[in-house]
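Participant: With these hints in hand, go ahead and build the complete structure from the sequences.
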Amino acid sequence: MTEDRPRQRRKEHAWGKFYFSQAFKQAPWRSQTQMIGLFFIALVVVLLVAAVYLTISGQASAAGLTALNLDTKRSNLERTIADKKADLALLTSASIMEQRAKDMGFQPADPDNVIYVVVPGYTGRQTAILAPPPGIVEEEGPVVKSIYRQSLWDWLFQGINRLSNSVEGK
Amino acid sequence: MIDWFRSLPRMKWLAIIFTLFAVAIGVQMIRVQTSASAKNLNQWAENYGYELRTIQSERGYIYDRWGHLLAGNKEVYEVGVELQYVANPITIATTLASITGADYNTVFTAASQAYVAGSSVYVTVADFVDVDKINQIEALKEQYEESNPYGEDPDKPSLRGLVWSAHLQRIYPENSLAANVLGFYPYLDRENGRGFFGVEEEYNDLLAGEKKQGLIPLDPYQMETIPTAPAGASLILTIDRDIQRSTESILDAAVKSTGADNGTIIVMDPKTGEILAMASTPRMDPNKYWEYSDIFKSGIPYNKAISQVYEPGSVFKILTMAGAIDAGVVKPETGFTDSGAIEVGGVTIYNWDRGAWGPQTMVGCLQHSLNVCLSWVATQLGTEKFYQYLDAFGIGHRTNIDLAGEEVFPLSEPGDPMWYQVNLATNSFGQGVAVTPIQMVMAASSLANDGKMVSPHVLKAYIQNGQQYNTAIQVVGNPISAETAHTITKMLETSLQQESSDALVEGYSVAGKTGTAEIAVNGQYSSNQTNASFVGWGPTDDPQFLVYVWLEKPSSSIWGSVVAAPVFRDVVKQLVVLMNIPPDAERLSLKGQ
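In the order they appear, the protein sequences are chains A and B. Here our numbering is used: the first residue of the first sequence is 79, the next is one more, and so on. Here our numbering is used: the first residue of the second sequence is -14, the next is one more, and so on.
Hint data in this document are derived by calculation from the structure and do not stem from the laboratory. Positions of the beta carbon are idealized from the N, C-alpha and C atoms, including for glycine. There could be a bad hint or two in this list.
Mimicking DSSO-like on lysine-lysine, the simulated pairs with C-alpha atoms at most 27 Å apart in a straight line are [what the hints assert, rightly or not]:
#	chain 1	residue 1	chain 2	residue 2
1	B	475	B	558
2	A	151	B	197
3	A	163	B	196
4	B	241	B	558
5	B	282	B	558
6	B	196	A	162
7	A	162	A	180
8	A	163	B	118
9	B	282	A	162
10	B	241	A	163
11	B	273	A	162
These stretches of chain B come out as covered by chain A in the derived footprint (C-beta under 8 Å, 3 or more residues) [to be verified]:
#	region
12	148 to 161
13	208 to 218
Facilitator: Shown next as structure tokens:
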């Protein structure tokens, strides 16, 4: 029973080969269809690769353009912030504030008419703290990550390289 | 052959045609990419594919101790002409002349230049133009563009070709307030601008940040990083805007009322060395820095408080007396009979009034500012120790205050060719020795701060990369003991009270000393021209301020006790309010609660 199995498999294989040859002889268009099919598969693969490549390139370019636009916007905002700070400082300058106070009927305090009271928990006026103290500094990375600039071939070759390295145990 | 062609089915014909077409496309692609034109195109892409951009950090801000902006930046515009697009130079010249005040002929000539690619492309016609004016120009440009699209009609007005770009300009919102401390930044020089004087010069490197050039790819796909320059560090000064303003106001009034040439007032926290106010005349508005040469004529220092050396006169006696008490040579109650003259090194020294004041204690010597007594004290202390103490007080050395332009006059000591024995006497009462006001302030800080001499400074903190770094107090020496400091403070407090000085402030205990120094004119001391000064601190049990007043050549009176002491009082009266210091009695009772 066990010895008959290899012989039977060989017979089946020969029969299958004969069957396909016979089928193609009887209908030669099948061969053409196969060729056309293979051609279209190759074409679809090429188109897919091109589409992926174009999409990634387009996205990378769009990201780069966005980054450039954002950088310009940031510069504009920084200038605007500086300008607003200067405007605010002008509006609250000592001379203007003094004039406003006078216009509102205030007078400079004299040591004789100042009343001092103890306010529990009040430690006095604190000097300016305009930024947090030194701590962990976060390093800024590149604007566009390298993965977005990688071509399909770069990605493919790097993948193959990684694979071969892992196979070689590097 | 023809039969062979005829025998081909139509489908195969189509296949051949499409194949040939595809091959032709391929050949053309290769030809386009390898032709001479393609090389030119590549070269052009290399040349114009990147923009060389100069990136400059925004100059850091300067704040006072409470966060009030003393120096910042505002947005202004550079206006230029892109010659390629100019349609009507007359309109451009007329508009800029009427709105920005630019010279019509200059603008017209600039805008009329012929466009030459690569060499004559853009001309700047105005700079530092305010945003309001730019808005007016923009509105006009749009209006003209509607009535004359693309400037096609040369007879109609058009502002085509006129462009503007924003940049920052240094601004000092408080105008001349603390100008001597701040210095100035010549913003008109956009390429090589750097700070001059004060903190603008001292901390120029911190404030300026970075200036670098970077290639920016114009192809967004090529862009990897955008070079940026973080803003320069911002500075928080120890200066109190309100105290500074009050001090400047008092100084200006004092200079005017006493007829003094100039004056200086320094207010410092003697425990920390923080300069709360530093006023000096003359002063200028750093927004109009080009007036510098008109205001500071014939070598007048920008900040006399740190750059002008002068003979301080009797305020120096506090150092002599402090040294002598510290060395144990005299005590407050030590007696001295003033005969009105003393000979030192073969030269006779007299009192300021040429009078003899009879029996005195050391308190009386200070109270009456007796040159003869202090000369005797110096001789008792001895030459070597006297100069050791002066050295310890920092006389003859820079204080290293963090302001640009500090000057120092070397102290003549025994062994120097210019030193004579009489110098011991004259130096003891502040003649024959030259100091800057800030040197006197630093030396006096040891008397007001338990013998510890602190380094005067104006930088409280700086902000860099979004983080605030606070500066630390620096004790630069202990020239005298705490006990001596308390003793001399008590002596000076008593002497002021006993003479009913104009420096006294009701309700507050202050210690201080007047000074009247004759000024050497053509090698001879003039009795008509003096430096009048006053140094004092308070409250005496817990000093929170130290005030130094110097009036140069007052004409209403030559005496420090008459012209400088009232200025000290006026400053202190404002200080106690601005610093929330209650009167002594009230403060001590509140402290007990």
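Participant: Can you list which hints this structure breaks, lowest number first?
Facilitator: 5, 9 and 10
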